[in-house]
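Visitor: Residues per chain, in single letters:
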Amino acid sequence: QVQVVQSGAEVKKPGASVKVSCKASGYTFPGYYFHWVRQAPGQGLEWMGWINPNSGGTNYAQKFQGRVTMTRDTSMFTVYMELSSLTSDDTAVYYCARDMMIYGLNYYFDYWGQGTLVTVSS
Amino acid sequence: DIQLTQSPSSLSPSVGDRITITCRASQSIRTYLNWYQQKPGKAPKFLIYAASSLQSGVPSRFSGSGSGTDFTLTISNLQPEDFATYFCQQSYSAPITFGQGTRLDI
Chain R
1134 QVQVVQSGAE VKKPGASVKV SCKASGYTFP GYYFHWVRQA PGQGLEWMGW
1184 INPNSGGTNY AQKFQGRVTM TRDTSMFTVY MELSSLTSDD TAVYYCARDM
1234 MIYGLNYYFD YWGQGTLVTV SS
Chain A
28 DIQLTQSPSS LSPSVGDRIT ITCRASQSIR TYLNWYQQKP GKAPKFLIYA
78 ASSLQSGVPS RFSGSGSGTD FTLTISNLQP EDFATYFCQQ SYSAPITFGQ
128 GTRLDI
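Chains as they are written, first to last, in the numbering used here: chain R, 1134 to 1255; chain A, 28 to 133.
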């Protein structure tokens, strides 16, 4: 069965970077895009962008352009999201979510990781 | 960016009730509207896609409807496990956006 497991919680200082991993299993890894979505405490959901694990291609929400980098390691069935120049506004739970369409995009998020809490504090 | 506005923000129904949550888009998104359920401390769960198609494994008491700018999520015969927060999401155009959520309180 499909499983998506993320790395553990992180505490970072303002100005630092964080890199969150998301390991998939139970299906053909290169076939499905991954999205990253974050949720600040008590707030709604915010889409950050996607990565194509097959080609490594990415598309980032304009809000995060220049600060986010999404990568993948196909040998490890893992995608990564790195966010730089952190501020307290970046304190949130970060989720990876699989796109439901094989070898394409429909922005239906069918499987989610458990979430990674990133706390930015001096 | 396409804005999604959900109403109400919260609801306090009883087990067995039929409830409806509304999601309104700032422009037409045809039927590119999806619904998720989230419980405290958990990741969202995918419920409905393309406005009215039930994701595999989701109970039939959940249903969705709508097109253009106005959409609804209906839960019939509310069960204890349905008390959660519900989000709508548009998949019409990037950036992908979500509604602010509707919380069902016991």
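Source of the hints: derived by calculation from the structure; they are not laboratory data. By construction, the Cβ of each residue, glycine as well, lies at the ideal position given by its N, Cα and C atoms. A hint or two may mislead.
[As the list claims (entries may be wrong)] In silico DSS-like pairs for lysine-lysine, Cα to Cα no more than 30 Å straight-line:
| hint | chain 1 | residue 1 | chain 2 | residue 2 |
| --- | --- | --- | --- | --- |
| 1 | A | K66 | R | K1196 |
| 2 | R | K1156 | A | K69 |
| 3 | R | K1152 | A | K69 |
| 4 | R | K1196 | R | K1146 |
| 5 | R | K1156 | A | K72 |
| 6 | R | K1146 | R | K1156 |
| 7 | R | K1145 | R | K1196 |
| 8 | R | K1156 | R | K1145 |
| 9 | A | K72 | R | K1152 |
| 10 | R | K1146 | A | K69 |
| 11 | R | K1145 | A | K66 |
| 12 | A | K72 | R | K1196 |
| 13 | A | K69 | R | K1196 |
| 14 | R | K1156 | A | K66 |
| 15 | R | K1152 | A | K66 |
| 16 | R | K1152 | R | K1196 |
| 17 | R | K1196 | R | K1156 |
| 18 | R | K1145 | A | K72 |
| 19 | A | K69 | R | K1145 |
[As the list claims (entries may be wrong)] Examples of chain A residues lying across from chain R (beta carbon under 10 Å, computed):
| hint | residue |
| --- | --- |
| 20 | G68 |
| 21 | A70 |
| 22 | K72 |
| 23 | F73 |
| 24 | P86 |
| 25 | F89 |
| 26 | S90 |
| 27 | T124 |
Visitor: Give me the numbers of the hints this structure contradicts, sorted from smallest to largest.
Guide: 24, 25, 26
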